[in-house]
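**Student:** Could you build the full structure based on these sequences and the hints that come with them?
Take a look at the letters that make up each chain.
Protein chains: 2
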Amino acid sequence: MARASGPIRPESSDDVAAERIRARRNELGLSQQALARATDVSRQTIISMEQGNYAPSVYLALRVAAALDATVEDLWS
Amino acid sequence: MARASGPIRPESSDDVAAERIRARRNELGLSQQALARATDVSRQTIISMEQGNYAPSVYLALRVAAALDATVEDLWS
DNA sequence: AACCGAAGTAAAGATCTCTTGACATGTAAA
DNA sequence: TTTACATGTCAAGAGATCTTTACTTCGGTT
Numbered sequence: 001m002a003r004a005s006g007p008i009r010p011e012s013s014d015d016v017a018a019e020r021i022r023a024r025r026n027e028l029g030l031s032q033q034a035l036a037r038a039t040d041v042s043r044q045t046i047i048s049m050e051q052g053n054y055a056p057s058v059y060l061a062l063r064v065a066a067a068l069d070a071t072v073e074d075l076w077s
Numbered sequence: 001m002a003r004a005s006g007p008i009r010p011e012s013s014d015d016v017a018a019e020r021i022r023a024r025r026n027e028l029g030l031s032q033q034a035l036a037r038a039t040d041v042s043r044q045t046i047i048s049m050e051q052g053n054y055a056p057s058v059y060l061a062l063r064v065a066a067a068l069d070a071t072v073e074d075l076w077s
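Listed in order, the protein sequences are those of chains L and S. First residue of the first sequence: 1, per the working numbering; consecutive thereafter. First residue of the second sequence: 1, per the working numbering; consecutive thereafter.
No lab work stands behind these hints: they were computed from the structure. Given the structure is predicted, the values throughout are model-derived calculations rather than measurements. All C-beta atoms, glycine included, are put in the ideal place defined by N, C-alpha and C. Treat the hints loosely; a few may be bogus.
Said to hold, decoys possible - Across the chosen pairs, the derived CB separations fall in these ranges:
#1 S:Met1 to L:Met1: 34 to 44 Å
#2 S:Gln32 to L:Asn53: 22 to 32 Å
#3 S:Ser48 to L:Ser42: 25 to 35 Å
**Tutor:** Quick look at the structure:
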């Protein structure tokens, strides 16, 4: 069977990263809308990220990490 | 004008990240093929990464960083 | 010359990211 | 009750990632 096409995704649903993002956002008292604006993406994108089973580009991941005052490894490791 | 769709990409062509990846790979004496195997992606994907103007998923970025003994921030910051 | 590994180019296709818009729900304040 | 905000769902579409295959070129070795 051929390898799947499309972006490299987590082995299983990445609920861990999803929860870390949500938790950190709440710690900072940010709404999804606020985080969306801070990272310059749509609110839908933030919602998807907090649902897991979603593989953002490394550049979006860097923006989110910066907005949440964390590293990419902190959130997605 | 509507925002562009598709994965979040670097503001300009990210030749810096591209070169850092290539440099680090050479330091470790790895061929593109070897890095491709280590990260479980096709050789084409490695080539594209080293050309810049390419936005890998955060999961692929983490694999590459790990294979090159670096952090995502080290390579793509 | 013939061979081989490493790097590059090109093209087509599957799959996914990210967008917009519309709508639903719950909670808290006026 | 009405208003506002935060969160969530659904769906369609543009644009990108990643795959495979095939072919080319270059440097080194036999």
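**Student:** Taking the hints in turn, state whether each one holds.
**Tutor:** Here is what the structure says about each hint:
A hinted range of 34 to 44 Å holds for the C-beta pair Met1 (chain S) and Met1 (chain L), which are about 41 Å apart. Gln32 (chain S) and Asn53 (chain L) have their C-beta atoms about 30 Å apart, which keeps the hinted 22 to 32 Å range intact. Between Ser48 (chain S) and Ser42 (chain L) the beta carbons are some 26 Å apart, a value that agrees with the proposed interval 25 to 35 Å.
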